[in-house]
Structure formats: structure tokens, C-alpha cells
Amino acid sequence: MEVTSYLELTDSQIASVRALVHVCNEYENLNGEVFFSNRLNYDTTIRCYYCMREDDRLIGFLSAFIPTKDVAEISAYVHPDFRRKGVFSALFSSVCEELVKYSIQDILFVSQPQAKACENVLEKFSAKKNHSEYLMEFRGEAVEPMQTDLCLRLADLSNRETVIMLSEAAFEESRETAETIADNSLRADNIDVYLAYLGDCVIGTMSTNREGDELFIYGVAVLPEFQRQGYGKQMLNLLMCELSKPDRVRILIEADSKKPNAYGLYQRSGFDIVTEFDYVSYRIEKRSESN
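Residue numbers for the sequence shown, in my numbering: 109 to 399.
Check each hint, because a few of them may be wrong.
[Claimed, not checked] Below, a list of computed lysine-lysine pairs in the BS3-like style, where the Cα atoms sit at most 30 Å apart:
#1 LYS341 - LYS236
#2 LYS193 - LYS236
#3 LYS341 - LYS367
#4 LYS224 - LYS341
#5 LYS177 - LYS232
#6 LYS209 - LYS236
#7 LYS341 - LYS193
#8 LYS367 - LYS237
#9 LYS177 - LYS237
#10 LYS193 - LYS209
#11 LYS237 - LYS193
Everything labelled a hint here was simulated from the structure, so no lab data went into it.
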């Protein structure tokens, strides 16, 4: 059994991973999900998918989401019949070898609180819980448009500097990180970046990433000087009026436990919790050059 790594997965590989995730979810009564796009990674040349097979059977899978140059979020699934046989260790060793090439040492393991197998693994790493996030799905009725002076417009490469400015100001990103995220998002076929205008002034942004029959809303942000004035709620309402029309896809969004206002906004907007994820911190120790 060997680990194989990929930049992207084919449709057949994605189907195999989804089948493995389903088996793991059924075994532990979980609601784990995997997103299959490297377009939101800080560097799309980093191998972020790792598979282990026995013959043609997928028995282990690990994915790395790398939103910045400093940290990677790790999710993994191992078939119940092959646990405690070194599968996760081999997958994790492979991704660590790749990450340290790019000077990434900080890891956030992503797990569900009730996942006992994951809990046992994390105990061995002496990893510490950082925070929790909630994956939420829109389950509301038809969205009623709010009264607003805002309008949403799709961004393109001509808006690159504006998108970078918003990332720097709203998310406190470095210029380098903001540039990379903007370039990856604006060039991706499956990502739409929206700008919120108040008159001629851009005051906020949000993005959507479509994968198959799922559409993920992320990066909802309002410039600091326009916060606490209801504009975030109005922006989300404008977007949902468009996305929740009949025959649209499953709509998902994540809320950080450290940002209760955002969670409350999403809940009032018709989103319900699907899954809770814990984010657990760990640091890769570089091997000595002499070894």
C-alpha cells in the first residue's frame, strides 16, 4: 500500500472519496463532508490530496486546505476495516513532507466532536483545540428582499486592486496573501466574487464557490468603517434572493464559533447547522538537516 498525492482529483476519484466518506459517516454516525477544489488554496501548486489504496480499493484519504502561506487545515478519512494499521500515519507523513517544502509548519486538524477515531489520533499528537466552526445549509423558504441602498456586482480582473484592498482591510491579510487569493478567485471558472456598492463606494465583498450540485458562500466581509450598520445582513439578503431561486443548488456557508454575530446572522437568514467541526492546532517539527 502506497500513498499517492494529487493537485486535483478526477471525477472518478471524487466518486471514490465520497464513497469512503459515506462509509466512515455511517460507521460513526457523522456528517463529514469534503470540498474538492484547490482554487482557494494560497498556492495551487502544492499537492493537497492524498490517497491510499489496497489493490483498487480506496482505504484512506487526506485533504489539505491551505488558505494562507502559514497554515494548512487537514481532514482525513480511513476505512473502518483498515484503522490502527498505519494508514493515517502514512497519509499524514506524506502531506507533512510536502508542506515543509513550502515552509508550512502550522496545522489545524479538522474533526467532528463525536468522531472517536479522530479523538484517539489527536491525543497521540498532543494537539490543542483552537476553535470550532459550523457548516450550515440554507433550508429556509423563499427569501424576501430587504429594503436596501446596496447593490451587488460581480467582480472581474479589472477589480483586482479593489478585491485585494478589501481582503487586507476586512480580513487583515498581508498584501502577498491578499494578492494570491484575489488572483486565484478571479481566474477560477467556478468562483464568483461579488462587490457590494453603496452608491459609488465599495463597502464589502463575498464569494461563492460551486462544486457539482453544491454552492459554498465564503468571504463575507464589510469594511470596518461600515460595520454594525446592517450592511452584512443586506449583502447576504441580496445574494440569497438570487441563489435561492427554484432549481438552484444546495447552498452552504460556514460560521466561526469566535464570531457569534455572523452565526446569528446566518441562522436568521434561513441557514441551519449541518455539522460542527473542531479545529485542533499542531506544529510540524522540521527534521534536522544533518539527519
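- Looking back at the numbered hints, which does the structure fail to meet, lowest number first? 1, 4 and 7
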